[in-house]
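*Asks:* This is what each chain is made of:
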Amino acid sequence: MAQAIRKKPVSKSVNAAVSARIAAQDHFRTLRLGTPFQPRIDALAKTQDWYNWAGCRAPHSLWDEELEYFAIRSQAALFDISPMTKYRIEGPDAEAFLDRVTLRDVTKLKPGRVHYTAWCDDEGFVLDDGTLFRLSPKRFRLCSQERHLPWLLDSAIGFDVTVEEETEAVAGLALQGPTSFAVLRDAGFAGVEKLKIFDLADFPHDGGTVGISRTGFTGDLGYELFVPADKALSLWDRLMKAGVLRGIRAIGYTALNRARLEAGLIVANADFTTAEHAIRADRLRMPDEIGLGFMIDLEKGHFNGRRAILETRAKRKLRHMLVGLEIEGNIPAEHAIVYHKKSQEVGLVSAAMWSPMAKRNIAIASLARPYGDTMVEDLWVEIYAMRELQYQKLMKRAKVVARPFIKLDRRTANPPADF
Amino acid sequence: MTSSDAIVIGGGHNGLVAAAALARAGRKVLVLEAGSEVGGAARTEEFAPGFRVSSIAHLLNRLHPDVMKTLELDKHGLQFARANFMPSVALSRDGPPLVLHGAYGEVLTGASSSEQSAWKELRAQLLRYAGILKPFLSGRPPDLAGMSLLDTASLGQTALALKKLGKEDMRDFLRVLLMNVADLLDEQLADIRLKGLLAFDATLGSHLGPRSPTSLLGLYYRLAGETGGAAGAQILPQGGMGAVVAAIRASAEKAGVAIRISAPVAKIIVENGRAVGVALDNGKVLHARTIVSAINPATTFLDLVGPREINTGFVRKVKNIRMKGDAAKLNLALDRPPQFTDVDAAGHKGRLVIAPSPDHVERAFNPSKYGEFSPEPVMEVTLPSLADPSLAPSGACVLSAVVQYAPYALKEGWHAGKPKFLKAIMAQLEAYAPGIGKSIVHAELLTPTDIETRYRMPGGHWHHGELQADQMLISRPVSGWSGYDTPLEGLFLAGAGSHPGGGVSGAPGLNAARRIIAMKG
Chain A
203 MAQAIRKKPV SKSVNAAVSA RIAAQDHFRT LRLGTPFQPR IDALAKTQDW YNWAGCRAPH
263 SLWDEELEYF AIRSQAALFD ISPMTKYRIE GPDAEAFLDR VTLRDVTKLK PGRVHYTAWC
323 DDEGFVLDDG TLFRLSPKRF RLCSQERHLP WLLDSAIGFD VTVEEETEAV AGLALQGPTS
383 FAVLRDAGFA GVEKLKIFDL ADFPHDGGTV GISRTGFTGD LGYELFVPAD KALSLWDRLM
443 KAGVLRGIRA IGYTALNRAR LEAGLIVANA DFTTAEHAIR ADRLRMPDEI GLGFMIDLEK
503 GHFNGRRAIL ETRAKRKLRH MLVGLEIEGN IPAEHAIVYH KKSQEVGLVS AAMWSPMAKR
563 NIAIASLARP YGDTMVEDLW VEIYAMRELQ YQKLMKRAKV VARPFIKLDR RTANPPADF
Chain B
613 MTSSDAIVIG GGHNGLVAAA ALARAGRKVL VLEAGSEVGG AARTEEFAPG FRVSSIAHLL
673 NRLHPDVMKT LELDKHGLQF ARANFMPSVA LSRDGPPLVL HGAYGEVLTG ASSSEQSAWK
733 ELRAQLLRYA GILKPFLSGR PPDLAGMSLL DTASLGQTAL ALKKLGKEDM RDFLRVLLMN
793 VADLLDEQLA DIRLKGLLAF DATLGSHLGP RSPTSLLGLY YRLAGETGGA AGAQILPQGG
853 MGAVVAAIRA SAEKAGVAIR ISAPVAKIIV ENGRAVGVAL DNGKVLHART IVSAINPATT
913 FLDLVGPREI NTGFVRKVKN IRMKGDAAKL NLALDRPPQF TDVDAAGHKG RLVIAPSPDH
973 VERAFNPSKY GEFSPEPVME VTLPSLADPS LAPSGACVLS AVVQYAPYAL KEGWHAGKPK
1033 FLKAIMAQLE AYAPGIGKSI VHAELLTPTD IETRYRMPGG HWHHGELQAD QMLISRPVSG
1093 WSGYDTPLEG LFLAGAGSHP GGGVSGAPGL NAARRIIAMK G
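These protein sequences, in sequence, are chains A and B. Everything in the first sequence is counted per this note's numbering, starting at 203 for the first residue and increasing by one. Everything in the second sequence is counted per this note's numbering, starting at 613 for the first residue and increasing by one.
Since the hints were derived computationally from the structure, they do not count as laboratory data. Just so you know, not all the hints are guaranteed correct.
What the hints assert, rightly or not - DSS-like mimics (lysine-lysine), calculated; alpha carbons at most 27 Å apart, straight line:
1. A/Lys595 to A/Lys609
2. B/Lys961 to B/Lys879
3. A/Lys502 to B/Lys929
4. B/Lys896 to A/Lys502
5. B/Lys1132 to A/Lys519
6. B/Lys1132 to B/Lys681
7. B/Lys1023 to B/Lys931
8. A/Lys312 to A/Lys396
9. B/Lys931 to B/Lys866
10. A/Lys340 to A/Lys433
11. B/Lys732 to B/Lys961
12. B/Lys931 to A/Lys502
13. B/Lys866 to B/Lys640
14. B/Lys687 to B/Lys640
15. A/Lys502 to B/Lys879
16. A/Lys398 to A/Lys443
17. A/Lys248 to A/Lys433
18. B/Lys1132 to A/Lys517
Unchecked claim - Calculated Cβ distances over 12 Å to all of chain A for the following chain B residues:
19. Gly918
20. Arg920
21. Glu921
22. Gly925
23. Glu974
24. Ser1051
25. Thr1065
Unchecked claim - So the derived list for chain B, only partly shown, Cβ under 7 Å to chain A, looks like this:
26. Gly885
27. Pro919
28. Asn923
29. Thr924
30. Phe926
31. Val927
32. Arg928
Just so you know, even glycine gets a beta-carbon here, dropped at the ideal spot from N, CA and C.
Starting from the given sequences, assemble the full structure and let the hints guide the process.
*Replies:* Below is the structure:
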């Protein structure tokens, strides 16, 4: 280092080479990358309320987070999911590979179907959750919050499979809400009415194809669309044009986050800490500890973490429990501490809101077992409500309730309803 | 075919020790050896008509006393007399050699009197410190996750032993523990012949030069071994290393072990996370409650078990085990015994070391970092037929040498490099034993790639994994799984790739058997 800062005579050619190198490395000037939809989103971003999603400039809100939320529930909401990490997994052993990496039985996932799954490290701690799309018998797309390429590549040792990251190459949109089907139909995606929940199919678009699945993160009727990055803008325009009379609106994450909470869905590194992010040993979570135990399939062959998960179950060493809570009153209990008998600290709320759909004050919380598991009575949350520079401390009764907090028939109705 | 309680994969000496110890504890044991005879790299083989030699391991200096005792090897023809302790002769081109007599230089001759007293002090210190490490370098490594009372007690013993050293000595022990051997030698010795010999011994069998950090550990590893109760003592077994294996085999068979040769295992069969048997390469399937793999850990998991049955993190660790051998074995059939300059008859029966200075060893090491062999290699030479005429025709002589450095991944490839390397070795030998070249009847040079193929040792590494600080103790073969058990229930490791490591010690095999017995496997 000392040498690097020492001044020494430098020849002109070296100077030129250095300038060229610096010019070629100006990526740092763009603090947050845009997605393929950025020109359209920027044009709609009235609030200029951005956050960092996996290195991309993503909107918290675009115009009004309340109305954006109601676009999901009453109209059609368009949300850019391009920053979501996407891997293309392909080859004769793709199914066996994913069966070893992920918790659920991939042999039961038929081509043209999607399932929600999760994957663990050797110790059975959750690395991430995500959705697995079976595009064909030998081709999959795995979507997740965090990046996992080294893990997936090392997992591919001994399998005839290729794993490639396609996050930047593939743009994604979520179209969610009661009119979403009608928008797609009016946009000319013939046959989209045949898609049942978790189905996927390819449709022609702009000289290429767009993959449309009946999936989403809202608990509502909705679809997700995946398209090569260079066809992104034409897809956006096609949907926006077709959706004018159906109330289509672009939305930001705050609205989506409310919808997902009503649907009872969890977010990695918000409701639990993923194994590779956790620094403290007690922050690691097994699937059973975050409500994903249902994914574990002991009938199938070996999968990462199997032995550890089995041992922990057998020795009854599970330490945490993720639960849905219904809290009295209407003040959101965001990040409130959960108490037993108003005195013993037993957990923390990771997401909370007043649900306009459920008309209930709802929350997702992580509790220390046996609380939330066998001990569900006499639970309280302490809400610090800031009122003009003063906290009002509210001790409110909390009841463990089932997730999802809302169940909308239109999500699964066949054929999907026209609005 | 009646089934067995335990199947041991690999009839190397560790596999046989594990099998014998398990059989003595009442288990029905079957050993499956891929080759046409047992012994692995510790055989005695005919390499030219009438000439026999220890295949790779040619000196016995660390056969563990517990192995001797448990297997009653003395009753099976293995006995060590003090009179058989071999001297080490540090050759020099500039004058007479320096000789370490008895158990690693109880007496030093050929050096100045001040050097003799300096050596006396250093030797005592090295043995004292090696003694502290000895319990670590023999038993099962401490299980940090689930420390048992026994583990805690043995750690306590070590702490006590450290304390007994006294304050100054304890500090010095901790100071030098991870030092490079060259710096330590420079602190205490002056004679470059003696320093060259010790630098060679510290780095023998590893990809380290004397100035590489932690190279002193290699010397401790050597001195933690003992023969006939004397630390550091070495002998040439009568009949070659094959005789040691024959004694272990006899003990195993007496205990009821069944041995099948030419039976390579193609696959370890896993059902529901548990190893339940093996499939031979002829398709035959054998079942057992316990499967003991006394072969290379990487071969075990990546080839026999396969990555599909184990976790990604574990595969990652196994793939990262460094095991590229850096030593070659030279076997020469000579029509008459060679004459090393200025070496007496007793010296010729000893271990003749060509490592004239630490600088020389370091310079020999340098090219190996870049995929080239040493132009002036260092080596330890034995002439086993002098003490054991059965190994060569009358009047003729066998020369057995371990030669460094010969990197496994030679840049030009060993096909092209081998003749050149042999020439470089012969030039060195000729300089110390003039006329030896003319007496050669047959020369056999085994490079790491030859050793890999012939003895099924990946990388041609006789430790089955570099024996350096990061791959020792609780990190051997991989962190989290150092206690001979594995992520698969019913599958255990028992080879040199496990703690404590290679050399003909039998310690990994015995420790594994003890672990299996303790787990009621």
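*Asks:* Hint by hint, say whether it matches the structure.
*Replies:* The hints, checked one at a time:
no., hint, in the structure
1, A/Lys595 to A/Lys609, "violated, 32 Å"
2, B/Lys961 to B/Lys879, "violated, 45 Å"
3, A/Lys502 to B/Lys929, "holds, 25 Å"
4, B/Lys896 to A/Lys502, "holds, 26 Å"
5, B/Lys1132 to A/Lys519, "holds, 24 Å"
6, B/Lys1132 to B/Lys681, "holds, 22 Å"
7, B/Lys1023 to B/Lys931, "holds, 22 Å"
8, A/Lys312 to A/Lys396, "holds, 16 Å"
9, B/Lys931 to B/Lys866, "violated, 38 Å"
10, A/Lys340 to A/Lys433, "holds, 25 Å"
11, B/Lys732 to B/Lys961, "holds, 24 Å"
12, B/Lys931 to A/Lys502, "holds, 26 Å"
13, B/Lys866 to B/Lys640, "holds, 12 Å"
14, B/Lys687 to B/Lys640, "holds, 22 Å"
15, A/Lys502 to B/Lys879, "holds, 20 Å"
16, A/Lys398 to A/Lys443, "holds, 25 Å"
17, A/Lys248 to A/Lys433, "holds, 25 Å"
18, B/Lys1132 to A/Lys517, "holds, 20 Å"
19, Gly918, "violated, 6 Å"
20, Arg920, "violated, 6 Å"
21, Glu921, "violated, 5 Å"
22, Gly925, "violated, 4 Å"
23, Glu974, "holds, 26 Å"
24, Ser1051, "holds, 50 Å"
25, Thr1065, "holds, 23 Å"
26, Gly885, "holds, 6 Å"
27, Pro919, "holds, 3 Å"
28, Asn923, "holds, 4 Å"
29, Thr924, "holds, 4 Å"
30, Phe926, "holds, 6 Å"
31, Val927, "holds, 6 Å"
32, Arg928, "holds, 5 Å"
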